[in-house]
Amino acid sequence: AEYPLYQSIFDRIKTFDKHKERHKTIESSIRNMAEAGFFLDEQRRMRCFQCGNALPVSEKVRQEKYPQYNMAQLHAHFYPTCEWVKELLGVKYIAQVLHDRYQSSKIFYSI
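Using our numbering, you'd call the opening residue of the sequence shown number 154 and step up by one each time.
Heads up, some of the hints might be wrong.
Heads up, simulated BS3-like pairs for lysine-lysine below, C-alpha to C-alpha not over 30 Å straight-line [to be verified]:
#1 Lys167 / Lys213
#2 Lys239 / Lys218
#3 Lys213 / Lys171
#4 Lys213 / Lys259
#5 Lys245 / Lys218
#6 Lys171 / Lys245
#7 Lys239 / Lys259
#8 Lys167 / Lys239
Ranges of calculated distance between the beta carbons of each label pair, as one might list FRET restraints [as the list claims (entries may be wrong)]:
#9 Ser257 / Glu180: 32 to 42 Å
#10 Tyr255 / Phe163: 33 to 43 Å
#11 Asp170 / Ser257: 21 to 31 Å
#12 Lys259 / Glu180: 36 to 46 Å
#13 Gln256 / Lys167: 32 to 42 Å
#14 Asn223 / Gln196: 23 to 33 Å
To be clear, the hints were calculated from the coordinates, so they are not data collected in a lab.
Positions of the beta carbon are idealized from the N, C-alpha and C atoms, including for glycine.
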């Protein structure tokens, strides 16, 4: 793990405590983020404890552009090689994400 201090879901949840009130974040959404492997780093970016990558979209953008994804699926969409995501969603799901990504890039480049 890139950030072994946050392997525990409880330690990941604690990182959101300081910002919970100001951002009016509900407990269930914090739990969803933590279950998907994310913690809030010092720069207030959601970062995965396993792969170390930060989610490249804000909450607002996530709701606008990716409303169909839960946090784990969004994690897989951006970082399909993350071991935590593979464990959470399964190799079959990851293979589908990669296949969809390949298909959409083929369409994009053939236009």
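message: Are any of the numbered hints broken by this structure? If so, which, sorted upward?
response: 6, 11
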